[in-house]
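Visitor: Each chain is listed here by its residues.
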Amino acid sequence: MEISVGINGSSQSHDVEPRTLLVHHLRDAAGLTGTNVGCDTSSCGACTVHLNGEAVKSCTMFAVQADGMEVTTIEGLAPSDDELHPMQQAFHECHALQCGYCTPGMVMAAVSLLDEVPNPTEAQVREGLEGNLCRCTGYHNIVKAVLQAAGGAK
Amino acid sequence: MIPAAFDYVRVDSADAALAALAEHGDEAKLMAGGHSLIPLMKFRLAAPAVVVDIGRLSDLSYVNDAGDHLAIGALTRFRDLETNDMLKSQAGLLAHVASHVGDPQVRHRGTIGGTSAHGDPASDVPSALLALRATLVAQGPNGTREISADEFFNGFLETALTPDEMLMEIRVPKMPDAKWSFQKFNRRAQDWAIVGVSAVVNNGQAGIGLVNMDSKPLRAEAAEAAVAGGGDAAGAGAEAATGATPPADLNASVEYRQHLARVLTQRALAEAGL
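Respectively, the protein sequence lines represent chains R and B. Letter by letter, the first sequence follows residues 1 to 154 of the working numbering. Letter by letter, the second sequence follows residues 1001 to 1274 of the working numbering.
Chain B on its own, in the form it takes in the complex (with noise of 0.2 Å):
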């Protein structure tokens, strides 16, 4: 598969990549690892005039300890989140739920910012994002601006981001004694997941990120609710479905990803000890 033709623009800098944001408009769009990018563009899904590279910026990847959460830039790549000591040690379910993305070949690629701003609800990592209570800095003309992940997603393949703003930094609470657990339902190793669900329990609190049970990636707010009241394990599942709106396909019906959503949740919150 060809994608249509572009221009293409390799920056070497942040403020050249907003430079071209800037100067292209919606007509241009930024590409870190391409591994959400370049699929849509071979099946023509999406054709931008421009193809700005920032997948260069090597300042742009780190793990860095910020006092009480860890700065996370948007250019690493899931390989370097699955092997860093730091995060494992202080936010573990995203290094684990990076180590669950596509596969070994996906994972030198594809980064942190790059499957974020994509805004997949069917992706794995912004349901931990969404569980740990992340915020997303972009930048843009007028500045930086921090966004809870919460507002962050808010659509299908559509995120908080302006045209002309660049996501610059992941920033994760520290919780190095928090219990946490991934559950990726799939059929087949390496496929998307059908429903997966994050779960994070610190001090009686629990943040559960959905995968692939709406338009976009979803908190089950309901079932973070029902362990704040004192809900167990069982009782938190039965309200993860509750306000999600999931798609049909050929895998899964709605009333199947429900099921999923409740099992799966009620699986995470027990191996995250509640």
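With the rest of the complex left out, here is chain R (with noise of 0.2 Å):
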């Protein structure tokens, strides 16, 4: 079936299989592998990206439900290739990551939490969260970050 995707501002077609999933095709078609397969059971957010602003889960979207939408994946937060999004920054700053894996999905998460929780307590950054998994077991520095990022740091 072919879709049109506008992924990262630029609107790309392809040829795709109905049971491809929104995940592989990022990382195959379009070829952005920022975006990372954890579980493949909607648990650990690694696969989280934007679709028309709001953060989901990219393991359990196929995509040819997302043709028409607009996605925005780690590599299309970032305003220009020398500069960081503020969220990238802060966790950059703040250490909030050991392996990195999670990363990705986890700063999507935050940036849509902020987007509908612009200045959230700690508590609301932990539930917020509570879609993404961190095995290097960091939340710490990441709730850190996001408050940071929030405006929130002392």
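A couple of the hints might just be wrong.
Here are some chain R residues pointing at chain B (derived, C-beta under 10 Å) [said to hold, decoys possible]:
(1) K57
(2) D81
(3) Y101
Label-pair distances were calculated between CB atoms; the ranges are [as the list claims (entries may be wrong)]:
(4) Q89/R / G1273/B: 44 to 52 Å
(5) R1188/B / G100/R: 42 to 50 Å
(6) G1143/B / Q89/R: 44 to 52 Å
Keep in mind the hints are simulated off the structure, nothing from the lab. Where is the CB? At the ideal position from N, CA and C, for every residue including glycine.
Work from the hints to combine the two standalone chains into their complex.
Guide: Written out as structure tokens, the structure reads:
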């Protein structure tokens, strides 16, 4: 089936099998491998991207469902090649990653969280990121980074 | 995990969805947000020949004031339920339970109609629909029919919907003065409930729905009767597992689930002011 998806601001057309998952479409057809496959069961959040501006798990969507919609991946977040998105900058400064596997999904979920709750409490950040697992147990610095990006860091 | 191949049909109206069901019969499955169906398809527990995507029927996404009840479109997402002020004030239990489904990403996609039609005893929202005495509205080739939540959920992943019917709307009585509680017991954030309890108390009557306590979403009828008979939270909670046939799995034995149902129902009724 021929679909056209806006990926990081540019419309891309591909012929896909209906059963192609969005995450595989992004990685294999669009060549954007920043979005990771973790659990493949909509638990871990490593595959989180934005669909029309909201965080979703791209392992639990078919690419055909995104036809005509806008998808943003971690590659599309930074304003330019020389500059990080404020959330990426905060992750960098707060050392909010260890192995880095969960990081793209974590950043995308955190950006979506701040869109909905601009000035979250620590508890709201922890609850807002419950769909993203970090197996390095690095939640402390991740929460710190999200609070810093929200302007709440002291 | 890759699902079995299927034909994909995207429809732009409920009529087109019903026509697709009429054409393909039980070979077809409706897909709203896909967060129940796609996992089943990835595990190859479901392999529909035709997937009818109703996810873009935005005219079925609403929460409307309909006099004595709220009318909720089947395509309303959990995110839109948990943030809806009218739902919070008139049937706060449902808004609260919706906010406990999965995680934010899941709630951006999953819908009240999808979770209802899926009929999973481990889902949170059906317990609230049972407690609130919701009515589900289905449309099929012979018109529209109303089904009580009690009659709607009738087995493991089975509902009263026939293969040629589509769930259109969920109706929830307005109860602005009711007190309510949702108790969800799990070990990890975002997990399914090992046992969950939705309870609403209004004018001395209780509605109690149980999560994961039977092969289907189940009402705790004996506990409700105990409340109607003047019982307190402890007395009614003691009856919460009566008549239930809970599953045993890695997380909990039958006896442990029965224990959880009793304890959580007592807590829920106490929090709901009983």
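Visitor: Hint by hint, note whether the structure agrees.
Guide: Okay, the hints, checked on the actual structure:
A cut of 10 Å between beta carbons decides the hint on K57/R: the least distance to chain B is about 5 Å, and the hint holds. Among the interface hints, the one on D81/R is violated; its C-beta lies about 28 Å from the nearest C-beta in chain B, farther than the 10 Å criterion. With a least beta-carbon distance of about 17 Å to chain B, the hint placing Y101/R at the interface is violated under the 10 Å criterion. Hint check: Q89/R to G1273/B, Cβ distance near 48 Å, so the stated range 44 to 52 Å holds.
As the Cβ distance of R1188/B to G100/R is approximately 22 Å, the hint placing it in 42 to 50 Å is violated. Look at G1143/B against Q89/R: about 58 Å separates their beta carbons, and that is not inside 44 to 52 Å.
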